[in-house]
Amino acid sequence: MHKDFTSLGMRRKIVALLAENGIIKPTEIQIQAIPAIMSGKDVVGQSQTGTGKTLAFVLPILEKIEISKPIVQALIITPTRELALQITREVAKLADQLEIQVLSVYGGQDVDRQIKRLKGGAQIVIGTPGRLMDHLRRETIQLENVTKLVLDEADQMLHMGFLEDVEELVRQTSNKRQTMLFSATMPSKIRGLADRYMRKPLDIRIQTKNITLDEIKQIMVEVPEAEKIAKLSSMIDEYRPYLAIVFCHTKKRAIAVNMALSQKGYETDELHGELSQAKREQVMKRFREAKIQILVATDIAARGLDVEGVTHIFNYDIPHDVDSYIHRIGRTGRAGQVGMAITLIDPHEQPYVRLIEQGIRAAIEKHKVNDQKVVSSDKRRVFNAKSEEEKAGVEKKEKKRAFVFGKTDKKKTGNHSGANSRSRRKPKENEKGEQQAQPGREKRKKR
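Under the UniProt record's numbering, the very last position in the sequence shown is 447; numbers go up by exactly one each time.
Among the clues, some could well be false.
As the list claims (entries may be wrong) - Label pairs and their in silico Cβ distance ranges: (1) L355 - G9: 32 to 42 Å; (2) L355 - R205: 46 to 56 Å; (3) R11 - V111: 50 to 60 Å; (4) P351 - E20: 46 to 56 Å; (5) I71 - L355: 28 to 38 Å; (6) R138 - A256: 33 to 43 Å; (7) V338 - G359: 32 to 42 Å; (8) E167 - Q277: 42 to 52 Å; (9) D4 - Q277: 36 to 46 Å; (10) G40 - E168: 23 to 33 Å; (11) R361 - V111: 19 to 29 Å; (12) K291 - E167: 15 to 25 Å; (13) K285 - D195: 34 to 44 Å; (14) K176 - S233: 54 to 64 Å.
As the list claims (entries may be wrong) - Computed cross-link-like contacts, BS3-like style, restricted to lysine-lysine with a CA-CA straight-line distance of at most 27 Å: (15) K25 - K41; (16) K116 - K228; (17) K64 - K116.
Calculated from the structure, these hints are not laboratory results.
The C-beta atom is built at its ideal place from N, Cα and C for all residues, glycine as well.
Whole structure, please, built from the sequences with the hints as guidance.
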């Protein structure tokens, strides 16, 4: 039977607000989770990014908030600042029209401002474990009236060492609370957390096969470790991404790859857990505005990252499980747009290739390092060529979708909002405040 948000129990005003934001049809996880949460059941949801998970718990919470009570009634705990801000933006689109007070709390933000907002009657609080614990110790947040608790990206909170803080926060909430736990993977410690603090939760698992990868061209390129940077650079030049994310396993790798690409003249920056909050926000702002073209990131730092216009994903390091692979590449190929995901693999990493192919139930196109025919000529036109509509001069938003890179002739791109119209990035400063040399830049400028 066809489902809509009204049939899931949403009131007319919320359905109308969703429609104004272009959301008409619920996703599979929303269809399964919303009625259960509306009925008061605890829920454990296992799903990937891009499945509509956030609205699956946000909508029932908005339905249940008592507007007349200026106290914290719902708490959403997330592993990172970026995810907290992303959820806050999504909640605020609806909550502002419903006169519900929403507040995000995370490290690096003015704590006095947060305290003032908490005293002002915040009803939904979205925050990271560290800053929430800070408020708990200061006694500036009261959680005893929290009846709706969400643990989002629980596996990442475990990996980042937040489990002890999360358990303490859970214990501070009402014994009558309803708990919702969402996680891309379900390690034994997360399952144990659910067993300790949840009452007969409904288990919802959105299978990998339900996650749409149809709009993502997937390729694996076998390349020795020593040649990875050179191969990555050549593929960037060949495919000319509009916005790209390069994933690395560790902070050290992300720093090294970012530096290497920057020295070659690319518009790039890095995102990892060691950055200050101000720097992280600056990097994300510039990436969203397409002022930098390539973001080199670790999995944890990029968790929950959702940026419109990402055309290419490069796995500099192959993920070691299928969930991480899907989570990474799912940041492209959205909203009906074609995306591309390229994974660089060392010859000894074949076991991970087989693991991923088994998980996504499909074979991935593979090439050797010297194989120039990475995509067919038809596919290459999808990524490199401009459509006739663009040549005729379509609206700016549609132009933004074109995949343009710095080596393209400026005369062909005109005033396009892609890389060619952007100035080159200034030399970055290293940890000692010294400017890093960028030997490849002068050559690139002359092109």
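The hints, checked one at a time:
The given range of 32 to 42 Å is respected by L355 and G9, whose C-beta atoms sit roughly 39 Å from each other. For the hinted restraint 46 to 56 Å between L355 and R205, the CB-CB distance of approximately 19 Å leaves it violated. About 36 Å separates the C-beta atoms of R11 and V111, a value inconsistent with the hinted range of 50 to 60 Å. Evaluation of the 46 to 56 Å hint for P351 and E20 yields a pass: the beta carbon distance comes to about 48 Å.
At about 47 Å, the CB distance of I71 to L355 disagrees with the hint of 28 to 38 Å. Take R138 and A256: their Cβ atoms lie about 39 Å apart, and the range 33 to 43 Å holds. With their beta carbons about 22 Å apart, V338 and G359 fall outside the hinted range of 32 to 42 Å. For E167 paired with Q277, a C-beta distance near 25 Å fails the hint of 42 to 52 Å.
Distance hint for D4 and Q277: a CB-CB separation of about 40 Å, consistent with the stated range 36 to 46 Å. Distance hint for G40 and E168: a CB-CB separation of about 25 Å, consistent with the stated range 23 to 33 Å. For R361 and V111, the Cβ-Cβ distance of about 48 Å falls outside the hinted range of 19 to 29 Å, so the restraint is violated. For the pair K291 and E167, the supplied restraint of 15 to 25 Å is violated, since their beta-carbon distance comes to about 41 Å.
Restraint check, K285 to D195: a C-beta distance of roughly 41 Å satisfies the suggested window 34 to 44 Å. Hint check: K176 to S233, Cβ distance near 57 Å, so the stated range 54 to 64 Å holds. Under the criterion of a C-alpha separation no larger than 27 Å, the hint pairing K25 with K41 is consistent with the structure, at around 23 Å. Only pairs whose Cα atoms come within 27 Å are accepted, and K116 paired with K228 is rejected, the gap being roughly 50 Å.
Annotation: proposed proximity of K64 to K116 holds, straight-line Cα distance about 24 Å (limit 27 Å).
The structure fails to meet hints 2, 3, 5, 7, 8, 11, 12, 16 from the earlier list, while all remaining hints are met.
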